[in-house]
Every structure is written in C-alpha cells, then in structure tokens.
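Colleague: Assemble the complex: chain D is given as a structure, and chains B, A and H must be docked to it using the hints.
Line by line, the protein sequences are chains D, B, A and H. The end of the first sequence is residue 291 by the UniProt record's numbering, with every number in the run present. The end of the second sequence is residue 291 by the UniProt record's numbering, with every number in the run present. The end of the third sequence is residue 291 by the UniProt record's numbering, with every number in the run present. The end of the fourth sequence is residue 291 by the UniProt record's numbering, with every number in the run present.
It cannot be assumed that every hint is accurate.
As the list claims (entries may be wrong) - Cross-link-like lysine to aspartate or glutamate pairs, in silico, EDC-like; alpha carbons within 16 Å at most:
| hint | chain 1 | residue 1 | chain 2 | residue 2 |
| --- | --- | --- | --- | --- |
| 1 | H | Lys-96 | H | Glu-236 |
| 2 | A | Lys-96 | A | Glu-64 |
| 3 | H | Lys-36 | A | Glu-50 |
| 4 | D | Lys-214 | H | Glu-236 |
| 5 | A | Lys-213 | B | Asp-47 |
| 6 | A | Lys-36 | H | Glu-50 |
| 7 | B | Lys-36 | D | Glu-50 |
| 8 | H | Lys-214 | D | Glu-50 |
| 9 | H | Lys-213 | D | Asp-185 |
| 10 | D | Lys-213 | H | Asp-278 |
| 11 | A | Lys-214 | B | Asp-155 |
| 12 | D | Lys-156 | D | Asp-185 |
| 13 | A | Lys-36 | A | Glu-64 |
| 14 | D | Lys-36 | D | Glu-64 |
Derived from the structure by calculation, the hints contain no laboratory data. Since the model is a prediction, treat every value here as computed from it, not as a measurement.
Number of protein chains: 4
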Amino acid sequence: MTLHDAAYRDHACLIVHGPDQAGLVAAVTALITRNKANIVTLDQYSDNPEGGAFFQRVVFHRPELAAALPEIEHDLAQTLEPYSMQWTLSDMSVPKRMAILASTSDHCLLELLWRQRRGELNVTIPMVISNHTNTAEDVRSFGVPFFHVPSQGADKSAAETEIVRMLAGNVDFVVLARYMQILSDDFLTAVGVPVINIHHSFLPAFVGAGPYKKAKERGVKLIGATSHYVTKDLDEGPIIEQDVARVDHSMSAVDLQARGAYVERAVLARAVQWHAEDRVIRHGNQTIVFE
Amino acid sequence: MTLHDAAYRDHACLIVHGPDQAGLVAAVTALITRNKANIVTLDQYSDNPEGGAFFQRVVFHRPELAAALPEIEHDLAQTLEPYSMQWTLSDMSVPKRMAILASTSDHCLLELLWRQRRGELNVTIPMVISNHTNTAEDVRSFGVPFFHVPSQGADKSAAETEIVRMLAGNVDFVVLARYMQILSDDFLTAVGVPVINIHHSFLPAFVGAGPYKKAKERGVKLIGATSHYVTKDLDEGPIIEQDVARVDHSMSAVDLQARGAYVERAVLARAVQWHAEDRVIRHGNQTIVFE
Amino acid sequence: MTLHDAAYRDHACLIVHGPDQAGLVAAVTALITRNKANIVTLDQYSDNPEGGAFFQRVVFHRPELAAALPEIEHDLAQTLEPYSMQWTLSDMSVPKRMAILASTSDHCLLELLWRQRRGELNVTIPMVISNHTNTAEDVRSFGVPFFHVPSQGADKSAAETEIVRMLAGNVDFVVLARYMQILSDDFLTAVGVPVINIHHSFLPAFVGAGPYKKAKERGVKLIGATSHYVTKDLDEGPIIEQDVARVDHSMSAVDLQARGAYVERAVLARAVQWHAEDRVIRHGNQTIVFE
Amino acid sequence: MTLHDAAYRDHACLIVHGPDQAGLVAAVTALITRNKANIVTLDQYSDNPEGGAFFQRVVFHRPELAAALPEIEHDLAQTLEPYSMQWTLSDMSVPKRMAILASTSDHCLLELLWRQRRGELNVTIPMVISNHTNTAEDVRSFGVPFFHVPSQGADKSAAETEIVRMLAGNVDFVVLARYMQILSDDFLTAVGVPVINIHHSFLPAFVGAGPYKKAKERGVKLIGATSHYVTKDLDEGPIIEQDVARVDHSMSAVDLQARGAYVERAVLARAVQWHAEDRVIRHGNQTIVFE
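Isolated chain D (complex conformation):
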C-alpha cells in the first residue's frame, strides 16, 4: 500500500526478529498498548513453528511520537531482553536517505527520481553519482545533486574511495540503478549501509554480463529482472523482488533489452519502496517481505 507523507506523521515501524518463542507477540503488543500507541498494521512470520526464526513488523501510531521514542526504546530493550530478540524502531516521518549510483542508462534512475517526486517513495535523495555525465541535466531538473565520478580503468580503488567519502554519513542506503561497475568487497565494507541492485535477468538464470543476449540464445519465452541486496558474491545476494515480461521469437536481443527496461524499473522501484518502508528483513541469503 502506498502511504503518503501525512500518513507517516507520529507513525513508527518496529522490526523484531530472533528465535520464535511463545508469548512473544503478546509481549510486543502489550508493550505497544502500555506506551499509549495504537497498532496500525502487524505482520509476522515464523519459518518453523517448532524452534524456528521469528520475524515481526508492527506499524503503530503514537501521538507525540518523537517525544515518546526514548521511553519506548527503553521499554523495548527491557521487554525483549529475556527473549534475545533483535529489534529496530524507526520514526516513519523521517525518510531514509537514498543515494543512487548510475551509468548511462536512465530508465531506472528516472523512475526512482520521478516516484520520489510524486511522494510514492518515503526517501530523500541527497545525491546521484554516475560514472557518466549524460544524465546530469535530467537529475538536476529534479532538484537532486549530480556528481560525476569517472571509472578509472582496471584499478577502481580510487573511484570507489571517492564514492565512499561522498556517501559516508550522508545516506542510509545505496541503490545501483543499472550501475555498470562491479563494486569491490572493500567498497561494500567501507560503505556500511545496505546496497540494492537491479539485475536484468530472472536470477538465478543468466548471472553476470549480457543477460539479454544469453536469454535470446537460450530462446526463453519470458525475460525478467531481479532486485537484490548486494553481497560480495556477484548476483548472489538476497532477492527482494522479481518480475517477468513475455517475449517471442521475433525479438532480437536489443528488443529484449528495450522491453526488459520496463520490468527493471518496476521491480527496482518496488524493492526500493519496500526497503524504504522497512518491509524487507534479511535472513541468511533470503528475504522476508511484508508487502
């Protein structure tokens, strides 16, 4: 569900996960009630009723939320301590700060800028960084700063260092909007926030470069796109969202690419929206998505 700005005022999102235990839901809901908040939505999932992992997302409304947050956090720490649960509590009226890394392709980049402007993504966009300059004017027309960091041949460490320096402290997550440089493990460690990628195939099919060409060669009847968290293993990170489009024998690899662009931008936009609204919980190499 799309929530608009006003809807986030005095709303908090609580994520709880850890070992499943009896009474956990009751403990959390009682906590919310005694903190004078009202539950708006509550989703939960246990991957195994007998000793599995438990995941919960609660959105609650609390008048004067900002003032009450420290107290609620204190209560949470005490209440959940005996259960050994991990939790995060976020004020939904404070949008996450999202940096976008892009290359020459504009379809994913513009889609995110445009949805953010429409108020459909609960994020701010402090910067777009590209290793090309062709999208500068478009990006700035949205009132978003554009920075050009050219890629620098085989040794990408200088460019990566520059990007890390720009991101540090300024962003809550990074989106690779068809950014065509492979990021090093060092970069991922240094950047220290989640990085979301869009891969132009239905993973795990067609890992790596040139998926549309591979799709044409294999003669598939559907092409796809996959948005996932970036890990050190290329195209292997936890999948957030996927979708497909129908194709046929008459379409060239270039045609597949053109049609696929529309799947890519839709899939990435949904993944970003869900991440921005704390709807995605990583669990090993999988994701729990409370849509």
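Modeller: Only chains B, A and H this time, still in chain D's reference frame:
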C-alpha cells in the same frame, strides 16, 4: 499458502471484527498466550484508524485444542464483551462441508473436486446437485454423491425446496459452479449458509447473461471472471476474487468462452480455498481477504 | 516488437481492408514482389471466412522507397480496384506527428515524452497543450513546445476552437494524456484526425468520472486502464488496449489511483506505439490490432 | 485461438522454412490461389532480412481437400524446389496421435486428458504409459488405454525397449507429463517422433532434480515451469512455452510444488496445443511459435 491436513491439527482460527479500539490487539494476543496457545499467523486491518471498523484473523496452535476450546471460547466472550466485538472461533482440523450446485459445464466442478482430492481445499464435499445429468459419472468417480434435481420451468420453487431440504443441516456453505439457474431470495434465506458464485466476467462489467458475447461485441482486450457471495441482487454481491486473461480480435465469443473457462476455474478455486480457511470477512458489500 | 529508427528506412506499411475475397493475399503479395520489394512481416485477419471483412497489414522493404512510392501506389490502386478494398500506404521512415493534450497529471504525459526520446515511439511531438501550467517546465526539458490553453468554464467552445486552430495541419493524431476536459462532437469533427484517450478503468466497468472511487466502493480485486479511440459517445469508443493491476481491501481510493497510474501509462504507451506503427485498424466499434 | 473440430474440415496447414529469398511469400500465396484454396491465416518470420532463415505457416481452406492434397503436394515440390525450402503439409482434420508418459503425479496428465475430451486439443490419445499404477482408473475413465511399464532399476533399457515397441507406428508425438525417468539417447533415437517435456522450473534456472527445493533455497519471488522438446542434453532442449507464478517467503518447498503444479499443467497444455496445430517450428535450439 497451501496448508495440508496435518498442518491443521490442533490449529484454531479466530476471526474478530467490530469497532476499532486501542488495546484490542493486545487483549486478543494476551488471551491467546494465557490459554497456552502460540500464534501462527496474525493479520489485521482497520478501514479507518480513527473510529473505523477492525478486522483480525489469528491462527494459533494449541496442543489438545479440542479439549481446550470451551474454555477459550468462554475467555473470548468475557474478554471481548467490553469491546462489543463479533468473533468466531473454528477448529481448523474440522473441514467445512461444501455442497456444489452445477449445470452442464464441468470445468469449475471438476476443478473443485480435483483440488479437494489433492488435499488443497480444506473441505469435505457431501454432495453435488445438478439440474443436468451429464457430470454424474465424473462426480461419482471422486467418491462424491451426485443428485439430479431437474429445473422445472418458470416456477422453480419446487426444485429450490427440494435442494434446500437436501442441504439443510448437511453443509456449511454452497458453491455455484456455473449453476445456470437464478436462485430466489427465498432460497437464499432458507439455505441459511453462505453461497459463493462464479460469474464469467470481470464484474461490474457485463452483468447478467451472455457476458462473453457482450465482451466480444464491446471489443475488450481482456476477459475476466469474478467469484462473489450471492445476495439477492444478481451479480452484485461482495467480490472475493477476480482475474483476467488476454484475448484478441481474432477470437470469437466461443473462443472467449473457452479461454475464460480457465480463468473461471482458477478464480473460483481460490475463492473457495480462502472461504474454507476463514480468510474472507464480509463487510457491507465488500470483503476483507487475508490471503 | 520495438523497431528503432534505422529499421524504418525504406520500409513501407500497407494496410488493406474490405470484403474478404479469394486470391486477395496472392494479389497483394504478387504486387509487392513485382515492385521489387521484400515482405518483412505480414498479418491478416478475416472476421468470417464466408463473406466477412478482411484486414491485412504488410510491412515491406523496398530500396529507394521514396522514389518508388508513386508507382507502387498506382499499382495498388489498379490491382485493388476490382476487389473494392480500402488501402493506405505509409512510408515508415516518416514518423507520425502526435500532439498531446494534458491537464495536471504528469504520469502519462512524461511517459510518452520519455519513450519518444528513447526512440521507442515512431512519432514526433510538435506540441503539448494543457489547460494547466504545472508541467510546462518538464515538457520543455524534452525540447517539446508547451502551450497553455485554459479551460473556460461551462462554454468550452473558445478553448476548443483555439486548440483546433493550433492542431490544424500540424498533427496526424492527438493523444489525451489524462486530459480532464470532455471534448465536444464539434471538436472531434473539426480536428479531423484520430484522437486516443486513456480511461482510468477497465472499460466497460466504471464509465465516466471517479472510476477509482467507484472501484473502491464496488470492492473489486483488480483495477484497470483502457486506451481507446475517442468517439462522440463518452468512454464508448473502440478499445485499443487494456490492462489491470491487483489491489486489495487495504487500499484506499487514493491508493488505487496511485497504483493505477502505472497501469495507465503502460496501456497508453502501448496503444500509442501500435497506432504510430499502423498496427491498429478500426472496424465498427472494435479494433484489429496486429501486435 | 482455439479451433474446434468442425473448423478443421478441409483445412490444411503448410509449414515452409529455409533460406529467406525475395518472392517466396508471393510464390507460396500464388500456389495456394491456383490450387483453388483460400488463405485463412498466414504467419511468417525471418530471423534476418539479409540472408537469414525464413519461416512461414499458412492455414488454408480447400473444399474437397483430401482429394486435392496429392496435386497440391506435387505443385509445392515443384514450386519450392528452386528455393531449396523444406516444407510439410498436413490435413488439419486428421488429429495427431499423442502418447502420454506419466509417473505418480496426475495434474499434467489429467489436464491433457480433460482438454482433449473438451475438444480443445487437436489430438487423439492412443495410450498412456506409466511406471506407476495409481492413475490407471482415472485414465481409463476417459476411455484411454493405460499401460503399466514399471521402471527397472539402474538398467532402464528393457523398459525403454518395451515403450518404444508400444509407440512404434502408433503415435506422432510423445508427451512426458511429469514422467520422472530420464530417457536415454537410444530411446530418443528409436522413438523417432518429437518428445515434449514439462520441467518444473523457469529454465535455465534450476536445471535437474528438485527445482522447487532449489527455488526455496535461493529465495526467488516467482516460480515457473517450462515446456520444451527433449534432446539428449537434459533440460537443454528448445523451449516451447514458459510461465511463472508469484510466491513469497512464507511458502515452503512443498507449497511451491503445490502452486507450481498449476503453472506446469497450463504451460504443458499450451505447448501441446501449439505443437498439435503445427504452430511450433524448431530452429537450432530455439523455437518459432506462431501463436
């Protein structure tokens, strides 16, 4: 999610709805905990955070459920009394009893029989009643009794009376699997259990008879099917599920009907599954569906 | 299939329709061969093999097409004369000129501008006309002229007259990209070129104003959009394309509108692309679409 | 488009493929005209306008087709000889004979039997062969002979030899409806007719055994099914049709399998229908599908 037989043992489904109030979720979850049960899934929805209607579905696991049910029901009655909520509690290991009414078309009928045999519908099927005989052998091959109640011209009251007598006390809900007789208000009142229909169009388009012919004439590019609860207003009852399929100019009304049959059977099967698992709550002329 | 600029050079599109007759396909294909052209794609459809209407679309490649066109047209006129067929022949390297009429909503408008810039719509856009000014800057950033023609209360004839004067001779078709003024019959007659609209519902459901509100009230489980040619009967013109998106009980009418926007822009873009490539033939109140 | 029995009377399907050459379409259409036949549908495709491969499917209506076939074939042989084209001509009123090989799963098997009974597959089914017996009664209830050929441990040659002997001369193609034995190259050579398989994943993802388990482990958000011609390379043959269904984190591998069954039966049924109607042309490891 598909649940199989064993998954229902000692599982109960609680539906609560009524005026939204602070603390309601906490009260219900605390009740479940103090009755030594563990929450498996919990869905809730409020149509307006300020004084709207509240809907909750909780599936919980309670060892020795059957023995504990009266006590839990007593607790529920006392706990929810101050909130003026309506509630139902059902033992999920007791499948609902579903009667099917059919005519000559077999696609919806066989789909339900076949899914039930696969263990994908949590129902028993005590009887199929048809105003035609062509499906008798197929129905009986599933071990399901088949009864022929011919329609009787303009005055359908005798046939309806006979059907009501057969259903009375034997079924928890009725499915019209392309049953081509319009049921009277008296029938609906007398039968006293929910009646689910499949209409062969994307309602509210093409209400009434001959929707595929109308769809061809209007030149639509998608055809659809709608499953809904039957009310006294033809094709106007609360919608449970809908879906569509792509068609094109080259298809005749007969072609649309052939393609539509596959949408109809899928839509009806999903609606029946959701109803059987207490996932559908009627609210005015709408439904809340906790998929 | 997406065709790119170069693909259109020396390509012509021939549309033939009229009463179905034996030998028609052979006559047309022989004509193409004797004019030293090679058939690239050929689609045909007859709505009734016995005396029905026949529709054919042939794309052929003819080196030095521009020089050869008059001769081919002469041959066509002579060849098809005994068959009483209607035909049009267009040089595909000459894009159709498309005017866009818009109001405050930008999603359909920007989608068309952006797809045209990507080379995915075989059109030029000589002007955007809006009764509001909010999209002026965005439109002009695509290098497209923007004209503001305010709507003028109950009597729209002055505004319509102004628009007709601007369009006259300058455009081959007009697209209403969520243009929120109802056009008069006089306008349609005066403008003299096809007008394509996007309606924000799955027609014929929810004709007229406020379809998302109506959809919410009826409790549908899918929302849709419909692109159609505009005729004097509101929302009744021949449908070019439709699509739907899944929604649920938790979404407000505003949420439906937000989600629907993505269906609208996709449906309108496909309809415009097909029209621009002469893939749509009107036949009574229906369309033949050779995708 | 679904064609029904009567629609096939006096209809022939001509498939032509080989090196693309100017005048080919005109030559074929002129041939049809001079043989007093009328073109019903014509599809063609060239994989490269400059010296590529050409594929054409023409359905034509010729009164007294059976009597005229030898003459038309003679004309075809002479007409196409200078073009070095391959061609096949089939009388559509003679359904292809399809054998089904199955194991314990019944969903694909019953779907094919049921669609054939409805007249939606232009095939006869001379036999079902299974290495299990559980479906015998269901199969025979459709009036189709059921043969049990048990699999025989590591050495499958005896079972394969028996199956080949049963099929020889009796069938035009074979469908593996979730047949869980891997067929040897010798079998494929000996059987000498096309073999169509349904694989329970979106190929090329999850090749080999246990695709739903692999899909669960990878955390994909869509599952799929693929129908393809069987070649000696497992799961690598030319793809005829694919489709997907949405899944989520809450579904176990067993749930994926249950949902996937509905994708499998739909995908296989479409592939079989298209093959039965000569809509699929193999070209290297790809297929041209004239839907």
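Colleague: Now look at each hint and say whether the structure bears it out.
Modeller: Hints and how they fare:
1. H:Lys-96 - H:Glu-236: Judged against 16 Å, a Cα distance of about 25 Å means the pair is violated.
2. A:Lys-96 - A:Glu-64: Answer violated: A:Lys-96 to A:Glu-64 is near 20 Å, above 16 Å.
3. H:Lys-36 - A:Glu-50: holds (15 Å)
4. D:Lys-214 - H:Glu-236: holds (13 Å)
5. A:Lys-213 - B:Asp-47: Judged against 16 Å, a Cα distance of about 15 Å means the pair holds.
6. A:Lys-36 - H:Glu-50: Since the Cα atoms of A:Lys-36 and H:Glu-50 sit roughly 15 Å apart, the hinted pair holds (cutoff 16 Å).
7. B:Lys-36 - D:Glu-50: holds (15 Å)
8. H:Lys-214 - D:Glu-50: Distance of about 23 Å is beyond 16 Å: violated.
9. H:Lys-213 - D:Asp-185: Distance ~29 Å between H:Lys-213 and D:Asp-185 Cα, so the pair is violated.
10. D:Lys-213 - H:Asp-278: Violated, at about 28 Å.
11. A:Lys-214 - B:Asp-155: violated (36 Å)
12. D:Lys-156 - D:Asp-185: holds (12 Å)
13. A:Lys-36 - A:Glu-64: holds (10 Å)
14. D:Lys-36 - D:Glu-64: holds (10 Å)
Consistency with the previously given hints fails for numbers 1, 2, 8, 9, 10, 11, ordered from lowest to highest.
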